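Novice: Got chain A; can you put chain B on it based on the hints?
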Amino acid sequence: MMAAVNVWRSAAALRAAGLAVAFVLCALMSTGCSASRTFTVGEPGASSAPLPDIGPAPIDRNDPWEGMNRRVYRFNAGFDRYVFLPALDVWRFILPSPVRRGFSNVLSHVGQITSLVNSIVQLSPEKTVGTVGRIIINSTFGIAGLFDAATGIGLVDHGEDFGQTLGVYGVPPGPYLVLPFMGPSSTRDTGGFVVDRAFITWLQWQAFGGSQSYTFLPVAMQTRDDLAFRYGELGPFEYELMRFLYLEWRATQVAL
Amino acid sequence: MSERRADARRLRWWAVPALTVVLIGAVLAGACPRPASAYDYPVDDGLLATVVGTAPADRAELPEHVPFEVRRLDRVPGPPVPPSFWNQDRVRYGLVAQDGAAPLIFIVAGTGARFSSEKMRFLAAAFYGAGYHVVALSSPTHSDFILTASSTRMPGLAPEDVRDLYALMKRVHVELQPDLEISGFHLTGYSLGGTHSAFLAALDERERYFGFGRVLLINPAVDLYSSVEILDEMFATALPDGPEGVDRIFQRLLDLVSRYVHARGRAPLDSEMLYHIAEVHPPRDAGLRAVIATVFRLAAANMIFTADTMTGGGHVIEAGTEISVSTSLTPYFKRSVRWPFVRYFDEMLLPYWQARRQGIDRDALIEQASLRSIGPYLEGASHVGVVTNADDFILAGGELDFLRSTFGDRAHVYPTGGHCGNIQYRDNVADMLAFFAATPTTASLRPVESAR
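In order, the protein sequence lines correspond to chains A and B.
Residue 27 in numbering that gives the first Met the number 0 is what sits at position 28 of the first sequence, and the numbering runs on without skipping anything.
Residue 393 in numbering that gives the first Met the number 0 is what sits at position 394 of the second sequence, and the numbering runs on without skipping anything.
Pulled out of the complex, with its shape left as it was, chain A reads as follows (with noise of 0.2 Å):
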């Protein structure tokens, strides 16, 4: 029990150390290519008369470090439209749709582990009886996941995370986070996010032995392909409509 516990350290703590390279990477990248590039409005040397503010909004968040939340925005719409995106026409060739929606199935059902423990942690009989009935038809019915038998007759996927949970005990959301590769995050969500992730990673030693990371960039490929967003279609505001969607939907989460 002891080496188990100390090898989830491990995990955890070389997760958190990738995490915090991938951050500051990001943030060198997007400083070092285009920071240092300021635009002045209007022709050079004009001014005009100062406009006056208004009043708080419902546009305006909590996000204290929004200057690196935008640079890192930025670095992962670079990073989508040149090394994601390719990536996923790749993806989406190799593998017919009928495959993928099976793939994406799997992973529902594999995630369906986090969402039962945080079911019972959020004291939620619905959601908890649900999540069993669920694991239980599709692990039989739905061939080990494979199929998604149970949305079928009524019993869905609510995706319950460590993050809606620590929200539903009252923890507000914190300071707005844009996370590197992941996007629109908060203080709160992305504790949330380590906690859901470490004990994945406790599981998978527990039953396998072993992390199983070299399932990472398949399940990348398929989440990227569940997911209709496309960076820049939303025009100039798109990070202040994108922070105002994501906070707005998790606090919806969190109510239901």
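Simulated from the structure, these hints should not be mistaken for laboratory data.
Derived CB-CB ranges, DEER-like:
#, chain 1, residue 1, chain 2, residue 2, range
1, A, F140, B, D98, 42 to 48 Å
2, A, P174, B, E228, 37 to 43 Å
3, B, V69, A, P43, 32 to 38 Å
4, A, L216, B, A436, 42 to 48 Å
5, A, A227, B, E228, 32 to 38 Å
6, A, P124, B, R89, 51 to 57 Å
7, B, E206, A, P85, 37 to 43 Å
8, A, R229, B, E206, 32 to 38 Å
9, B, R342, A, E232, 23 to 29 Å
10, A, S103, B, E228, 44 to 50 Å
As the structure is a computational prediction, the values presented were derived from the model and not from experiment.
A virtual CB, placed ideally from N, CA and C, is assigned to each residue, including glycine.
Specialist: Chain B in isolation, oriented as in the chain A frame:
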């Protein structure tokens, strides 16, 4: 949970009679086929149609694989582009190419829409399926276009905006010519893109570069100024608190979406979802107006901020302001979103053109941006047709009559569909493709139905 069980119980007692009625209806429909002209687009409310569009089962069938490519061209000369995220170094457009020789159709997007929007991809797929090369272009009112393809960086005066579009279309043609066998040119556009298509047809009549075989205006604005007045009015009445109310609209929408996802599990966030949500929670008129007005207001905010940033007018962002990747744009969003279209017209567009054209006044500018200014040309242009809906709310009083009298049998008015809600409906797509397939001598749309 208990609510859902109650629903199921309620379902039980009326399910049998309901099913019987449906079955009898289906049998009767099979026994006595409806007249060919019957139009069955299922959403009767124009506002609802505008928001939810067409249910997947009622959409025209599209080819399985559509090779939609994003192509790039150098941007037109001008001031540099701000290094925030929306750094648009080049003009982007969509291309779907056939293998062999085919006619090429240009599609112009509606207000604030990019070439890659859902409607644009749908139209591109439909035309590709019918054997056309397709080029999809962003609206001159979209920030991409203002940053990369506009010579004025101040969109809104249609006859001027189409000069930029026309120049871009010529460059696209030059770029594609070596690789594509092009057997002719066609043109279409929806909403503001429909209005642009009419002005482009008139411009091409003078310049004679393309010689369009067919031009179809889909739900065009007739008089741009009166259409934006309608949208401003809609925003003012549906959201009396101004932009603060937008917050509540978003929250309500997100709440519905979350509940939908909660009830249905992982679901793609697309227009199909909106359709299902509307089925479960029939929205009220006021809510629909608020959603439509908000979408147009966001498009206006994008346009106003981008135009002001690029021209340095100091309206929503002070001239001399420095913008870097990490600069917060939130203060400028808050200012921009408070501007109705009409304020943009009066305080930015009008002064811009008054400074460049001696003695032009407000009414003259409004007149120039209206299809009425090219009415005589459109009346005689046998290759230009129009489709719109009797309940399209962007048309002011008398504008439907203007379209009918100007285009005659080249106008087709569907009884329902709202503003562009029925674009994806199978009958609309069939009519649209038939219009482009017709030979020059039979260039007419189906006869105008008497309004239901």
